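Trainee: All chains, full assembly: derive it from the sequences and hints.
Protein chains in written order, with the numbering used here: chain A, 10 to 404; chain B, 10 to 404.
Keep in mind the hints are simulated off the structure, nothing from the lab. Please note that the accuracy of each hint is not assured.
[As the list claims (entries may be wrong)] Keeping only pairs whose Cα atoms sit at most 20 Å apart, straight-line, the calculated SDA-like set for lysine to any residue is: (1) A:Lys375 <-> B:Thr34; (2) A:Lys298 <-> B:Thr317; (3) B:Lys195 <-> A:Thr317; (4) A:Lys373 <-> B:Gly194; (5) A:Lys340 <-> B:Glu324; (6) A:Lys30 <-> B:Thr317; (7) A:Lys373 <-> A:Gln311; (8) A:Lys30 <-> B:Ser31; (9) A:Lys59 <-> A:Gln76; (10) B:Lys373 <-> A:Thr219; (11) B:Lys30 <-> A:Asn341; (12) B:Lys375 <-> A:Gln295; (13) B:Lys373 <-> A:Lys373; (14) A:Lys373 <-> B:Lys195; (15) B:Lys369 <-> A:Thr34; (16) A:Lys298 <-> B:Thr34; (17) B:Lys375 <-> A:Ser328; (18) B:Lys340 <-> A:Ser328; (19) B:Lys30 <-> A:Thr364; (20) A:Lys375 <-> B:Glu296; (21) A:Lys40 <-> A:His52; (22) B:Lys298 <-> A:Glu324; (23) B:Lys340 <-> A:Ser31; (24) A:Lys373 <-> B:Ser31; (25) A:Lys30 <-> B:Glu344; (26) A:Lys375 <-> B:Gly194; (27) B:Lys298 <-> A:Thr317; (28) B:Lys320 <-> A:Arg327; (29) B:Lys369 <-> A:Ser31; (30) A:Lys195 <-> B:Glu324; (31) A:Lys195 <-> B:Leu376.
[Claimed, not checked] Here are a few chain B residues that face chain A, going by a calculated C-beta distance under 7 Å: (32) Gly194; (33) Leu212; (34) Pro229; (35) Lys298; (36) Ile308; (37) Ile316; (38) Leu319; (39) Lys320; (40) Pro330.
On a predicted model such as this, the values are computed, not experimentally measured, just so you know. Note that CB positions come from ideal geometry on N, CA and C, so glycine has one too.
Number of protein chains: 2
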Amino acid sequence: MGQNTRFDSVIVRLGGEIGIKSEWTRREYEKLLLKNIRNTLNHFGVAYHKIIHKRGRIYVETSNAKQVANTLTRVFGISSVSPAKHTSSDMKTIVQTTLSLARATLKKRSSFAVRCHRVGQHTYSSMGVCKTVGEQILTRFKDKDLRVDLTNPEATINVEVRDDEAYVFSEALQGGGGFPVGSQGKVICLLSGGIDSPVACWLAMKRGCTIVPVYFDNSPLTDDVSKAKALDIARKLFEWSIGYPRRVYIVPHGKNLQTFVKDAPRKLTCLLCKRMMYRIAERIAQEEKAEGIVTGEAIGEQASQTITNLKVLNEATRSYPVHRPLLGFDKNETEAVGRKIGTFEISTRKAKGCTAAPDKPATKAKLEDVKKAEANLNIEKMVQESINEAQTMTV
Amino acid sequence: MGQNTRFDSVIVRLGGEIGIKSEWTRREYEKLLLKNIRNTLNHFGVAYHKIIHKRGRIYVETSNAKQVANTLTRVFGISSVSPAKHTSSDMKTIVQTTLSLARATLKKRSSFAVRCHRVGQHTYSSMGVCKTVGEQILTRFKDKDLRVDLTNPEATINVEVRDDEAYVFSEALQGGGGFPVGSQGKVICLLSGGIDSPVACWLAMKRGCTIVPVYFDNSPLTDDVSKAKALDIARKLFEWSIGYPRRVYIVPHGKNLQTFVKDAPRKLTCLLCKRMMYRIAERIAQEEKAEGIVTGEAIGEQASQTITNLKVLNEATRSYPVHRPLLGFDKNETEAVGRKIGTFEISTRKAKGCTAAPDKPATKAKLEDVKKAEANLNIEKMVQESINEAQTMTV
Numbered sequence: 010m011g012q013n014t015r016f017d018s019v020i021v022r023l024g025g026e027i028g029i030k031s032e033w034t035r036r037e038y039e040k041l042l043l044k045n046i047r048n049t050l051n052h053f054g055v056a057y058h059k060i061i062h063k064r065g066r067i068y069v070e071t072s073n074a075k076q077v078a079n080t081l082t083r084v085f086g087i088s089s090v091s092p093a094k095h096t097s098s099d100m101k102t103i104v105q106t107t108l109s110l111a112r113a114t115l116k117k118r119s120s121f122a123v124r125c126h127r128v129g130q131h132t133y134s135s136m137g138v139c140k141t142v143g144e145q146i147l148t149r150f151k152d153k154d155l156r157v158d159l160t161n162p163e164a165t166i167n168v169e170v171r172d173d174e175a176y177v178f179s180e181a182l183q184g185g186g187g188f189p190v191g192s193q194g195k196v197i198c199l200l201s202g203g204i205d206s207p208v209a210c211w212l213a214m215k216r217g218c219t220i221v222p223v224y225f226d227n228s229p230l231t232d233d234v235s236k237a238k239a240l241d242i243a244r245k246l247f248e249w250s251i252g253y254p255r256r257v258y259i260v261p262h263g264k265n266l267q268t269f270v271k272d273a274p275r276k277l278t279c280l281l282c283k284r285m286m287y288r289i290a291e292r293i294a295q296e297e298k299a300e301g302i303v304t305g306e307a308i309g310e311q312a313s314q315t316i317t318n319l320k321v322l323n324e325a326t327r328s329y330p331v332h333r334p335l336l337g338f339d340k341n342e343t344e345a346v347g348r349k350i351g352t353f354e355i356s357t358r359k360a361k362g363c364t365a366a367p368d369k370p371a372t373k374a375k376l377e378d379v380k381k382a383e384a385n386l387n388i389e390k391m392v393q394e395s396i397n398e399a400q401t402m403t404v
Numbered sequence: 010m011g012q013n014t015r016f017d018s019v020i021v022r023l024g025g026e027i028g029i030k031s032e033w034t035r036r037e038y039e040k041l042l043l044k045n046i047r048n049t050l051n052h053f054g055v056a057y058h059k060i061i062h063k064r065g066r067i068y069v070e071t072s073n074a075k076q077v078a079n080t081l082t083r084v085f086g087i088s089s090v091s092p093a094k095h096t097s098s099d100m101k102t103i104v105q106t107t108l109s110l111a112r113a114t115l116k117k118r119s120s121f122a123v124r125c126h127r128v129g130q131h132t133y134s135s136m137g138v139c140k141t142v143g144e145q146i147l148t149r150f151k152d153k154d155l156r157v158d159l160t161n162p163e164a165t166i167n168v169e170v171r172d173d174e175a176y177v178f179s180e181a182l183q184g185g186g187g188f189p190v191g192s193q194g195k196v197i198c199l200l201s202g203g204i205d206s207p208v209a210c211w212l213a214m215k216r217g218c219t220i221v222p223v224y225f226d227n228s229p230l231t232d233d234v235s236k237a238k239a240l241d242i243a244r245k246l247f248e249w250s251i252g253y254p255r256r257v258y259i260v261p262h263g264k265n266l267q268t269f270v271k272d273a274p275r276k277l278t279c280l281l282c283k284r285m286m287y288r289i290a291e292r293i294a295q296e297e298k299a300e301g302i303v304t305g306e307a308i309g310e311q312a313s314q315t316i317t318n319l320k321v322l323n324e325a326t327r328s329y330p331v332h333r334p335l336l337g338f339d340k341n342e343t344e345a346v347g348r349k350i351g352t353f354e355i356s357t358r359k360a361k362g363c364t365a366a367p368d369k370p371a372t373k374a375k376l377e378d379v380k381k382a383e384a385n386l387n388i389e390k391m392v393q394e395s396i397n398e399a400q401t402m403t404v
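Mentor: Here it is in structure tokens:
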């Protein structure tokens, strides 16, 4: 757009679920969101002048409106953002600003609509704004051969009036949704280099949790690429929780897995492996004062994830809930989220898969068989040694 | 389309996750899917002649192709369906059939593409089919002023060739996805008259589970409309699992709730209420030989659903996993699914909400406080009485 109407602001709309919380909770969430916004902009080195907080809205004053808007799509608790031009609520100014935006935005022979959202007392109605602005655009840009289409326009010119101020904008980018990170407690996330677990982590963050990823290192039964992938994924995920710890646990798990392969029925390998992961995660949860364990399991996705086997897995941890945000996701739906958040391309880098998976895994294991297999092993010692040898790393 | 090319078949594409199962599992799933398809068509009184099963595909011969296709969008394990015209794989016949479909389908001045999927040995290539058919369409319908657009066409003419047969079609309707109902075990679902729990139930069914909905009747602390809503929702959900039991448990819960309101700290009412529901669901799971409990909880959606409180809730049931498919869903995302599956409009019918919810519920309850409150009540007796007075109803 022209020099005079270069965007100077970003409108930040809060997730709808924040608005319906109790007054006290809403204020806490908004405070948290403001902090997360500031931290995120600072972290990515995106300059801004000022953040203004009004009920249900946040406005960022900046000369980098597009960059600020793009950056904030990665902050949870935000439903959408719009680069905007800030003006006074005076009708003449509004018309001038919209004309400038229309010149830059509306293509020849295209359809458009004008929408107005208004809070406060004004000499005009919202309808009046739409009508006046629409007419002015049609008159002024006769050569563009534009037409008004209120139901399915190719472009929209929006005016948001608040008391004596107004914002003019044409697009809204979708935000992360959910709740500000930090509004919920901490969860331990089992993070592999695969496709599913990063998406499960992301969904927990989206709903406000801070995460502590735990990577189980199966070497020598897998290669180092898997670990590198998991760490890169963790880095990618932490971009959504700027300002919070970026610590990852790396637990040596190959020895455990070798024991299961050697000293327990082969068809139970994956279940024994996962139960061990749950147990170790539980210890880490205690240390970290976390409130749950998050995994990427989806009903029936793998043999170890049948509804029968999930019950067998659950039995291994009694003091922490196992949260599985992907339970009802189809693989293609999980992949779609992974693509959107940038973890899919890391997850699908070539790596040697786990070589310990049996040809014929049990799909309906009996808990008593699993417990019998575990009774022959020194499970508690294995857990303790894994914990002792676990490392943490800030990524 | 013309009389000669009226659709006579429906192509049924299986969910992608079925195809990657082991040979044995895949066959079992396909057998189940065939049974579910038959049951669903029979239940809704949709006539068909024959169901033909080939690797990775099912074809339904029918003179009601559109109705069959629409009905099958409600069968899980199906990724998509297409009303189609069945012909021989002879190129001349293919061209004739596509021309007839093009006449009926392609609008004046629109863009189209021809796509071909081919299995078997033929004298022509897939590319060759696309080229020949495309050219013939352009020549034959000059008056329509059509143009070819391979990347973003307004309509598509598809040819699927399998050995000496071919199917011609223009549209694919999205199926339910997931796995055939019955491929996973049974789960107990806490079903209220609200928006969330039906969607959680549906997601469990989508991944192959059969469901046993349990409605907790809070009267006199709520009205009878809530119960009627829950039953209508159960009926709607069972349309997705035709051929399986349609039984709902109705558990009197009002007395329990009154006790919590009267004899326990008010801020804990919802947590005590839910823990009681979990315990009762657990008993029903034992009786029903179910493998888990499904709830509509989403992290942070309500005070009782903070990540801290979910841990407190979980502690009430130790022998069954609590599966929460909506953990990572925003409210608007849950509503969108509810609208799609037809439960949202029932859920939003006016009813008196629960009047027992406190003004200031605990958002971070302490497990010891909850256990102390429960120690003052005869929880086991309350559970037993609720179970004794529970009724089942086939809807």
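Trainee: Checking each numbered hint in turn, tell me which of them this model violates, lowest number first.
Mentor: The structure breaks hints 5, 8, 13, 16, 18, 34 and 35; every other hint is satisfied.
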